[in-house]
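Adding 32 to a residue's 1-based position in the sequence shown gives its number in my numbering.
Read the hints as simulated data drawn from the structure, not as lab findings.
Heads up, a few of these hints could be off.
Unchecked claim - Pairwise CB distance ranges (calculated): (1) 87 to 49: 13 to 21 Å; (2) 191 to 50: 43 to 51 Å; (3) 187 to 40: 28 to 36 Å; (4) 204 to 70: 21 to 29 Å; (5) 35 to 162: 18 to 26 Å; (6) 49 to 111: 28 to 36 Å; (7) 74 to 111: 22 to 30 Å; (8) 71 to 149: 30 to 38 Å; (9) 148 to 81: 42 to 50 Å; (10) 51 to 116: 47 to 55 Å; (11) 162 to 60: 12 to 20 Å; (12) 39 to 125: 38 to 46 Å; (13) 122 to 184: 28 to 36 Å; (14) 52 to 184: 38 to 46 Å.
The beta-carbon is built from N, C-alpha and C at its ideal position, and this holds for glycine as well.
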Amino acid sequence: LSALDEPLRDSLRRELVTLTRREGLTTVHVTHDRTEALSIADRIVVLGGGRIQQIATPQDLVSRPATAEVAAFIADATLLDAAAAPALPAPAEVMGSGSTLTLAVLPDMVEVLPAGADGIPAQVRSVLYDAGAWSLTLDALDTVFRATVHGARPEVGDPVTIRIHRPLGYRS
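Go ahead and model the full structure; you've got the sequences and the hints to work with.
Below is the structure:
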């Protein structure tokens, strides 16, 4: 569906979902388009490195990715070695076993505040308008975070402060 213009692609996605549910059809739809997979599927299989990484509903993939790699691929998570990022809060839950703790910070876990507020100093790297909100990339802690904000458009280069809420933790 990726070669279609956006309104036609959206209409076709809706029609495919309606048709398969109405007819009780089981289908396998192969795509590299996350939006397409998340909008059409009842269950998604995420492959990585030639192996199944996770099988889950779209909602579970986004809210509870099984691995750090799935979090980065499906939910645009920023991955950090927990030992190198002591300013971040401890994860609410840790999945997996092993000695290395990786934190996954999803865009909706990043709160953007005015510069000088209590939190982590950051700088706006890029700004894109996306469906009523501003999609930001932010430089902080020698890494790039993603966040979504509403309201006034931030400018590239603006200093801001970020707070990270409830990062996910993965041991490997």
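Status of each hint after checking the structure:
1. With their beta carbons about 19 Å apart, residue 87 and residue 49 fall inside the hinted range of 13 to 21 Å.
2. About 48 Å separates the C-beta atoms of residue 191 and residue 50, a value consistent with the hinted range of 43 to 51 Å.
3. The supplied range of 28 to 36 Å is met by residue 187 and residue 40, whose beta-carbon atoms lie about 34 Å from each other.
4. Between residue 204 and residue 70 the beta carbons are some 25 Å apart, a value that agrees with the proposed interval 21 to 29 Å.
5. Checked against the hint of 18 to 26 Å, the C-beta distance between residue 35 and residue 162 comes to roughly 21 Å, which is consistent with it.
6. Under the hint 28 to 36 Å, the C-beta atoms of residue 49 and residue 111, about 32 Å apart, fit the expected range.
7. Range check, residue 74 to residue 111: Cβ separation about 28 Å, and the 22 to 30 Å hint holds.
8. For residue 71 and residue 149, the Cβ-Cβ distance of about 36 Å falls inside the hinted range of 30 to 38 Å, so the restraint holds.
9. Checked against the hint of 42 to 50 Å, the C-beta distance between residue 148 and residue 81 comes to roughly 43 Å, which is consistent with it.
10. The beta-carbon spacing between residue 51 and residue 116, approximately 49 Å, falls within the hinted interval of 47 to 55 Å.
11. Roughly 29 Å separates the CB atoms of residue 162 and residue 60, a value that falls outside the hinted 12 to 20 Å.
12. The hint said 38 to 46 Å for the Cβ distance between residue 39 and residue 125, and at roughly 40 Å that hint holds.
13. Distance hint check: the CB atoms of residue 122 and residue 184 are about 32 Å apart, consistent with the given range 28 to 36 Å.
14. Distance hint check for residue 52 and residue 184: the Cβ-Cβ separation is about 42 Å, which falls inside the suggested range of 38 to 46 Å.
Hint 11 alone, counting from the list given before, is not met by this structure.
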